[in-house]
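Chains as they are written, first to last, in UniProt numbering: chain V, 1 to 294; chain F, 1 to 344.
Since the hints were made in silico from the structure, they are not lab data. Hints may contain errors.
Covered stretches of chain V (chain F as the covering partner; in silico rule of three or more C-beta atoms under 8 Å from a C-beta of chain F) [claimed, not checked]: (1) 188-199; (2) 211-219.
Listing some non-contacts, in silico: residues in chain V with all C-beta distances to chain F over 12 Å [claimed, not checked]: (3) S47; (4) A67; (5) S75; (6) M123; (7) N203; (8) V207; (9) F235; (10) D262; (11) V271; (12) F283.
All C-beta atoms in this analysis are idealised placements derived from N, C-alpha and C, irrespective of residue type, glycine included.
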Amino acid sequence: MSEFVERAAPPLAETAASRRPFGLLLVAIPVFLVIWLVIWPAINAISRTIWRVDADGNTGFDLSSYAFFFSDRYSLDNLAVTLWTTMVCAVLLLVICLPIALYLRFSQGRLPAYVQALAILPMFVPSIILAFAFIRVLGPNGMIDILLNAVGLPKIRTPYLTPWGPVIGLVWDNIPLTVLILLSGLGSVANQFIEAARDVGANAFRVFWHIILPRISNSILVALSFSVLGIFSSFTLPYLLGPASPEMLGPFMQRTLRDLQDPIGAMTQAVVAFGFCILFGLFYVRSVARNRGK
Amino acid sequence: MSVLQISEVTKTFSGGTHAVNSFSLDVADGELVCLLGPSGSGKSTLLRMVGGFEQPTSGRITIDGEDVTHLPPERRPTGMVFQSHALWTHMNVFKNLAFGLKLRRMPASEIREKVEAVLELVGLAGYGDRMTTQLSGGQQQRVALARSLVLEPKILLLDEPFASLDQHLRERLREEVRDIQQRLGITTLFVTHGQDEALSMADRIVVMANGKTEQIGRPDVVYRDPKTPFVAGFIGTMNLVEGEVSNGQFTRSGFAFPLPIADGPATLAIRPESLDLTASDASKAKVHRVTDYGSHGLVDLDLADGTRLKSMVAHPDLFQAGQGVDPKPRAVAAYRNNQQIFRS
Ligand SMILES: Nc1ncnc2c1ncn2[C@@H]1O[C@H](COP(=O)(O)OP(=O)(O)OP(=O)(O)O)[C@@H](O)[C@H]1O
Ligand SMILES: [Mg+2]
Chain V
1 MSEFVERAAP PLAETAASRR PFGLLLVAIP VFLVIWLVIW PAINAISRTI WRVDADGNTG
61 FDLSSYAFFF SDRYSLDNLA VTLWTTMVCA VLLLVICLPI ALYLRFSQGR LPAYVQALAI
121 LPMFVPSIIL AFAFIRVLGP NGMIDILLNA VGLPKIRTPY LTPWGPVIGL VWDNIPLTVL
181 ILLSGLGSVA NQFIEAARDV GANAFRVFWH IILPRISNSI LVALSFSVLG IFSSFTLPYL
241 LGPASPEMLG PFMQRTLRDL QDPIGAMTQA VVAFGFCILF GLFYVRSVAR NRGK
Chain F
1 MSVLQISEVT KTFSGGTHAV NSFSLDVADG ELVCLLGPSG SGKSTLLRMV GGFEQPTSGR
61 ITIDGEDVTH LPPERRPTGM VFQSHALWTH MNVFKNLAFG LKLRRMPASE IREKVEAVLE
121 LVGLAGYGDR MTTQLSGGQQ QRVALARSLV LEPKILLLDE PFASLDQHLR ERLREEVRDI
181 QQRLGITTLF VTHGQDEALS MADRIVVMAN GKTEQIGRPD VVYRDPKTPF VAGFIGTMNL
241 VEGEVSNGQF TRSGFAFPLP IADGPATLAI RPESLDLTAS DASKAKVHRV TDYGSHGLVD
301 LDLADGTRLK SMVAHPDLFQ AGQGVDPKPR AVAAYRNNQQ IFRS
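In isolation and in its complexed conformation, chain F is listed as follows (with noise of 0.2 Å):
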């Protein structure tokens, strides 16, 4: 039973960088929650405040209700696994496992036993003997977690441990990671940027810019019905035109919809599927692009002021490049000074 708590937590770097700016996120025992951002919004900051590798400029974080803001890592019930695996390369796989029961003086009998048994979790039973360098990428990243797993910490943490690997090992190890999460129940803070990393294996995602939260929440619900532009941008793809809004329609160079908010401008999102073409002259938009995925196509198109919008359609061969086409949003968000005001 592990909850981490994060309050108000702020990181100024001694350059003046607000890294992380008064940012609070509640996990729950057992839950697996993603910190998702572009480069440089703070998520390994955060992290690494969590793994007591940077200390907070404020704020506090507790771990079980125990405050632990000020703990170096060695006496943090955390473990973390880099980027880049960071595995010993002087040791091999069974001295990296045991290095830290080692150093909690467990007898040699119960440190074969537990790291076989981690390494079997890890599905790298038997690779004990090797040398880290002579493992591949994945095999690598899987020792990192099995390193950490293995002192069984009350809060895992996670830093792009898949970025350095293709995208098709990435989805596996993602699968296992999450599978051995839910096994364990183990409370995991996962940062990365890919989205659909976060989509895939979060029960939260917190979306971050500027050391800011933009939106937490469940992935679907997140995917859904973004809260910000930003978060609506960021997640998934989605089409986000600036227009004004007068007399209750939303206009932008030819393209009108209705908009049942007070006058002025405003931001509005459209999902490519959400966008529905039907063809008519060319004054409202022209196709520019057609691309056929097989199980479905997506029209780039271009409003008369050019502004590109995309629209996922079930029969690409229906349209053609040049070809004049009338688009018609099914669902909208509208957004305002950053918040969302509307949606349908």
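So that you can see chain V by itself, here it is in the shape it has in the complex (with noise of 0.2 Å):
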């Protein structure tokens, strides 16, 4: 047994060899990309909030614009309402999207499939598109104004320009994704696996709790991340539909950098938001580990 084993290595580590330098090159590409796009930028922005030119023209170490976001009144609310906004809208694509997908999953026939394409129809509506949309259906004297207005109902208290005019927008644009990826988490869970369970006396709520809920428990934390770090550092949707104050990080940033013209403040609330981002990223990468490792 040995002997075929010392035997085979030697031209299975030749071709591996001869395979490394292409191997290589095909990595090679994608990890230059995050370095010239994504790492040298971030370091950049970190090394250019924290090492500053005072006023005497000498550079050093200054902690001070991380010190005035993490003191200033408005930098905080701005940053409770994205954590707020990010919140809601996880729970809220949880609750919508579940069982949408679950009734993908599980129903026969035509309507399903209609269903289908009406939660993936989002994804291909570019969020201006849905903002203004959004703006003329909910907005003041929109159509549901009118259609109440229509009827003698008093007007309903607008959304827009309010903390939910983007969570309605938000949880609107990522109900497509949500959903497929839930989906493909729930192609996963065989029937046989759910007939067995019915079989020894579960009903649908205990087969949903005890058999499908563990088995998608990926899926729901892979479809979650990629909401929630979307969510987070999303302009275009809060921009057009959310208040002026307290606005979220995406705003705040562009007005800052625009309005202000502050990039010192822009940065660092870039690196702040980045922070969470890497917060939610661990949250992720661990959970599934201790997943696959159940």
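Now that you have both chains on their own, put them together as the hints suggest.
Have a look at this one:
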């Protein structure tokens, strides 16, 4: 047996060695791009926010922009509203998309195909158009208002320009991806798993709780991380639909840079946002690893 | 004491497939009945209707006299073992077995006792902590069986549980299942398309074709006395010869056999072990191939028009390919219009 392994090993190593340069080349391109476009600017931004030129023209270690960010009421409010929006969107996405995905997975016939098409539709609608559609429907004097008015009911309090504006837009925008990821997760739950559970006496809820949920927990994590990362750093929808104050970090950065002409402040906000995204990322990686280990 | 009654059950799928067609069967207490039939004959559909996974289009299913036709699976006293075991891979063996008991709110100590007892029963004592993915195919199938047995169902349903296992393991598990079934005296419906499986374990077998019963009976009876040409051809090896009867003589291209029935077309069924061969000129039949199995031999012979017959012979060395033979049936059955009209 060991003889066989010894004789078999050399040619294997040879081919691996001859393939190595090519493999490295394939890996090199994305690695290079990531370094050039992501890591380098990130390091650059971080270093420029902590190594600063002071009034005397000396360069030195200086955390004052961060101190300002974390002591400024307005910045903290913006961070809070960003986290709040992200949280609320994540919860709403789960509450809305999980039933849709379950329905699509477990029902038969024509109707699910239409529901699926409808659920995927937002993916093909650019955020800008989505935002304006939102304003025309839910905004002041929008369609809903006109309809309510027509039947003699009072106007609604429009979510436009409140924190709920971006929430509604972002949730709508993220439904397709979330549904698709959950659906692919549900695809791995074989019918027989479910039938076996019902056979031993589990009703629909228990089947969902004990059999389906544990099997799709990774998909839920993936879906939520995707949407959470996107929502946390989103710009267009909060910019167009959200209130002027507090505002989410995306529009806040843009305004700090363009209107207040404060690149260091904007960069500081970007680094803080980046830090939070890394935290989400770490949480995701840890949960997936833990699920794997189980 | 559990009796299963299936009366006039029909299942038509939305596409219009008549999977099961007015099927009736009574399974007695403690009996093991095998459903046997070719692929697509409706065996699984029937079993799934008993388990509650499909709704019959019409008909009634009762267990111990109680109508369960419209109950969902979770409220039926049936336990099903699926073809691909369907163990929950995110739980270990113990949790797989305990799940159903937990749903019944049984105290933990009692659950432990029961699970250990049933693991012992299927020969897997001490495997409770294993993940199901760390088991061999045979062990997984045993756990699946245990998962059903631990709930003490009134009716045990098995849908080709050994289909994915190799021949050797299949035979061993088959015996074990038969053993356990008899020890527990549990009423069992077993689907298979392996006839050796059906013949070796069943109290009775039901041969199905196109969603209908072809024949129900004890395995040896069905084997010895198939009531339709389909059953004759399906169970065991059978020579089916189509020919013409006139004046009490069945003929097919030089091959003749006295058959005291009315004139007309008929199908003659002869088991290879009931077909004797004697050497002769090549006018009636010629040996095509001889296979020596050690204990016996099998001779393939061709009638003058090329119809292939098989004959089991004690001394295969007496025959060789190309040689002329005269086939003489010792026992036959004859069929006309899908019905047996003669047997000797
Ligand atoms: N869900 C379904 N929808 C439509 N037709 C079905 C469905 N399930 C089974 N059928 C059809 O019903 C018929 C009987 O199928 P069934 O699975 O009962 O056969 P079977 O005897 O178990 O075959 P096998 O030995 O291959 O398992 C087949 O023609 C099959 O195509
Ligand atoms: Mg089947």
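Using a Cβ cutoff of 8 Å, are there at least 3 residues of the stretch 188-199 of chain V near chain F, or does the coverage claim fail?
With 8 residues close enough to chain F, the hint holds.
Mind verifying the non-interface call on S47 (chain V)? Its CB should be farther than 12 Å from each CB in chain F.
46 Å, holds
Three residues or more, CB to CB closer than 8 Å: is that satisfied between the stretch 211-219 of chain V and chain F?
holds (count 3)
Could you check that no beta carbon of chain F comes within 12 Å of the beta carbon of M123 (chain V)?
At roughly 31 Å from the nearest Cβ of chain F, M123 (chain V) sits farther out than 12 Å, so the non-interface label holds.
Beyond 12 Å on every Cβ pair: is that true for V271 (chain V) relative to chain F?
40 Å, holds
Examine each Cβ of chain F, and state whether all of them lie more than 12 Å from the Cβ of F235 (chain V).
39 Å, holds
Is it correct that the beta-carbon of S75 (chain V) has no partner in chain F closer than or equal to 12 Å?
44 Å, holds
Regarding the assertion that A67 (chain V) does not contact chain F, is the least Cβ-Cβ distance greater than 12 Å?
Nearest chain F Cβ is 48 Å from A67 (chain V), so the label holds.
Quick one: work out the minimum CB distance from N203 (chain V) to chain F and report holds if it exceeds 12 Å, violated otherwise.
Given that some Cβ of chain F is not farther than 12 Å from that of N203 (chain V), nearest at about 6 Å, it is violated.
With d taken as the least Cβ-Cβ distance between D262 (chain V) and chain F, does d exceed 12 Å?
Given a closest Cβ separation of 51 Å, the condition holds.
May I ask you to check that V207 (chain V) keeps its beta-carbon over 12 Å from the closest beta-carbon of chain F?
9 Å, violated
Exclusion check [F283 (chain V) not at the chain F interface, CB over 12 Å]
21 Å, holds
Checked against the numbered hints given earlier, the structure breaks hints 7, 8 and satisfies all the rest.
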